[in-house]
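Q: Below are the chains, spelled out letter by letter.
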Amino acid sequence: MRPLLLAPALALALGASPALAATIEVTIDKLVFSPVNVHAKVGDTIEWTNKDVLTHTATVKGGWDVMIAAKSKGKVTLKAAGAVDYFCRFHPNMKGHIEVAP
Amino acid sequence: MFMRSSTAALAALFFASTAPLAQAAEKPTDPQIAHIAYTADTIDIEAAKLAIKKSKNKEVVDFAKDMERDHEAVNKQALDLVKKLKVTPEDNDTSKALAKAAKEERAKLAKLKGADFDKAYIENEVAYHKQVNGALETLLIPSASNAELKSLLETGLKIFQGHEQHAEHVAGMLK
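Residue numbers (my numbering), protein chains in the order written: chain A, 5 to 106; chain B, 20 to 194.
Hints were generated in silico from the structure; no laboratory data involved. It should be emphasised that the depicted structure is a prediction, and the values quoted were computed from it without experimental measurement. Take the hints with a grain of salt, since some may be wrong.
No farther apart than 27 angstroms at their CA atoms in a straight line, the calculated lysine-lysine pairs in the DSS-like style are these [claimed, not checked]:
#1 K75(A) with K169(B)
#2 K95(B) with K55(A)
#3 K55(A) with K102(B)
#4 K65(A) with K149(B)
#5 K169(B) with K34(A)
#6 K75(A) with K65(A)
#7 K95(B) with K46(B)
#8 K95(B) with K34(A)
#9 K99(A) with K177(B)
#10 K34(A) with K68(B)
#11 K102(B) with K34(A)
#12 K77(A) with K99(A)
#13 K99(A) with K119(B)
#14 K73(B) with K77(A)
#15 K102(B) with K73(B)
#16 K169(B) with K65(A)
#17 K177(B) with K138(B)
#18 K99(A) with K95(B)
#19 K75(A) with K73(B)
#20 K169(B) with K99(A)
#21 K79(A) with K68(B)
#22 K194(B) with K65(A)
#23 K194(B) with K102(B)
#24 K177(B) with K34(A)
#25 K149(B) with K55(A)
#26 K34(A) with K75(A)
#27 K84(B) with K77(A)
#28 K119(B) with K65(A)
#29 K95(B) with K75(A)
#30 K77(B) with K65(A)
Selected chain A positions facing chain B (Cβ under 10 angstroms, derived; list incomplete) [to be verified]:
#31 K34
#32 V36
#33 D56
#34 T59
#35 G66
#36 V70
#37 A74
#38 C92
#39 R93
#40 F94
We treat Cβ as the ideally placed atom computed from N, Cα and C, and that holds for glycine.
If we strip away everything but chain B, and leave its shape as in the complex, we get (with noise of 0.2 angstroms):
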């Protein structure tokens, strides 16, 4: 149940930040861009945190240990990069949605137990990856101007839809 509506709730938050892209002054700069790459992985890595902590099942556990481990190597390589380029990544109202979503799922996903956790744990993991897989190729990734911050982008892509891949063989497995 709660499920579609956190599912909702993203969906709604992306089509919000997508529309205003008609108008060109409403994309995000890089400074946003950066904040919402770098919110969207620490939200998965707290995810996994929690995972590794509730569940039994060692297939859900070692999913969320890759999870930890990919996102925690991005964000490092993030702010590595907004280093380098001396930017400094700008709070703003898609990062904070994206944050308030999170954090409503993750008082959700703290109630339940066992095979009920573990099931929602893993269908929130599919429907987060492809929603920010749709942020990533609609909005962000052709909103970014700086070239290398554009590219990191584009291998975090490639990393999201991997996981989303793997999130839905573990789900797969669940059933």
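So here's chain A without its partners, still in its complex pose (with noise of 0.2 angstroms):
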């Protein structure tokens, strides 16, 4: 929670506007996360494009649960920093990683 508490403050202090956050696109295809492993930095986006015709989710156990509807999109945003694993909820064996750099 902290880094996104600080980032505005730190931006108003400095008196220079954050970096452009960014937006990672992952995409779904028979039941694999395309890429796997991504490295992102708090505050970007990670988008996922479903093109199965089942619902996945992208879930971290104890952290964010997106739902991602077949043929559709589904997106979060990285609010704290170090390296999260996560998996669909409906197909477990769905299994991506990204890793979220301050």
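Reassemble the complex: the two chains are provided individually, in unrelated frames, and hints are given to aid placement.
A: Written out as structure tokens, the structure is:
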């Protein structure tokens, strides 16, 4: 939580605008997250595009849970630094990994 | 008790249908494979409908709804493919045996209530997906000659493996 709260304050204090947050695209096709490993920064958004006819989720145990409907999109904005493993609650054999830099 | 017998019945069924693989002529044709896949999906949809109607456990009902939604989507995809390929699914002994075993299983489940039903349904889901995955891996995928049908079955295997893990997770929560 702290980096999120500090970032705007710091930006204000320094009189500079924060670096533009990026959107990182991950595709789901035939029950595979691709790319399976992504690198991101706090404040970036991960956007999943689900090409399957099945509804999936991107779920972090004890953390965020994003529902991604069939033939649809879902996204999450990363709020904390660190490495996260996520999976699909409906098909737990689907796994992905995100390295979140501060 | 019935769990074991139903698993044994399925094992016997798939063993029986795997055994003739030694003779190449006996392996199922694409129209038969399409029928077996559709039958296997429909069986799980019917089991899910029963669970949605009977269970009071949120985890079990949610799981059953997931099964219903996924298997209906898979079946629609399978039907679209057979239409495109102009393949007419053909009934066969494996489909018949699957349907018969499923009918018996449903009759047994229908008599159970509450936690007994939930446990039996979920345990059967684990066993059933395991058996179907075995059949997909050893018989149906290797026998499929059309590349698109083979690809659909391979995706089906990943979906069912996911369901098996999901069912195991729910089974773990019921204990």
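Q: Indicate, hint by hint, whether the structure satisfies it.
A: Consistency of the hints with the structure:
1. K75(A) with K169(B): Measuring from Cα to Cα gives roughly 22 angstroms; hence the hint holds.
2. K95(B) with K55(A): Since the Cα atoms of K95(B) and K55(A) sit roughly 15 angstroms apart, the hinted pair holds (cutoff 27 angstroms).
3. K55(A) with K102(B): Roughly 21 angstroms between the alpha carbons, so the hint for K55(A) and K102(B) holds.
4. K65(A) with K149(B): Holds, because 25 angstroms separates the two Cα atoms, which is no more than 27 angstroms.
5. K169(B) with K34(A): holds, 13 angstroms
6. K75(A) with K65(A): holds, 24 angstroms
7. K95(B) with K46(B): holds, 25 angstroms
8. K95(B) with K34(A): holds, 15 angstroms
9. K99(A) with K177(B): holds, 12 angstroms
10. K34(A) with K68(B): It holds: about 26 angstroms lies between the C-alpha atoms, which stays within 27 angstroms.
11. K102(B) with K34(A): Answer holds: K102(B) to K34(A) is near 21 angstroms, not above 27 angstroms.
12. K77(A) with K99(A): Given that 27 angstroms is the threshold and the Cα spacing comes to 17 angstroms, the pair holds.
13. K99(A) with K119(B): With a Cα-Cα distance of about 36 angstroms, the restraint between K99(A) and K119(B) is violated, given a limit of 27 angstroms.
14. K73(B) with K77(A): Since the Cα atoms of K73(B) and K77(A) sit roughly 33 angstroms apart, the hinted pair is violated (cutoff 27 angstroms).
15. K102(B) with K73(B): Violated, at roughly 35 angstroms.
16. K169(B) with K65(A): Violated, at roughly 34 angstroms.
17. K177(B) with K138(B): Satisfied, since the Cα-Cα distance of roughly 24 angstroms is no more than 27 angstroms.
18. K99(A) with K95(B): With Cα atoms ~26 angstroms apart, K99(A) and K95(B) stay inside 27 angstroms; holds.
19. K75(A) with K73(B): Violated, at roughly 31 angstroms.
20. K169(B) with K99(A): Measuring from Cα to Cα gives roughly 24 angstroms; hence the hint holds.
21. K79(A) with K68(B): Distance of about 31 angstroms is beyond 27 angstroms: violated.
22. K194(B) with K65(A): holds, 20 angstroms
23. K194(B) with K102(B): Between K194(B) and K102(B) the Cα gap is close to 44 angstroms, so the pair fails against 27 angstroms, i.e. violated.
24. K177(B) with K34(A): Holds. K177(B) to K34(A) sits at ~8 angstroms (cutoff 27 angstroms).
25. K149(B) with K55(A): Measuring from Cα to Cα gives roughly 26 angstroms; hence the hint holds.
26. K34(A) with K75(A): holds, 12 angstroms
27. K84(B) with K77(A): holds, 21 angstroms
28. K119(B) with K65(A): At roughly 40 angstroms apart (the allowed maximum being 27 angstroms), K65(A) and K119(B) break the hint.
29. K95(B) with K75(A): At roughly 14 angstroms apart (the allowed maximum being 27 angstroms), K75(A) and K95(B) satisfy the hint.
30. K77(B) with K65(A): The given pair, whose Cα atoms are some 19 angstroms apart, holds under the 27 angstroms limit.
31. K34: holds, 5 angstroms
32. V36: holds, 8 angstroms
33. D56: holds, 8 angstroms
34. T59: holds, 7 angstroms
35. G66: At 15 angstroms from the nearest chain B Cβ, G66(A) fails the 10 angstroms test, so the hint is violated.
36. V70: violated, 16 angstroms
37. A74: Since chain B brings a Cβ to about 7 angstroms from A74(A), closer than 10 angstroms, the hint holds.
38. C92: holds, 7 angstroms
39. R93: holds, 7 angstroms
40. F94: Holds: closest Cβ of chain B sits about 5 angstroms from F94(A), inside 10 angstroms.
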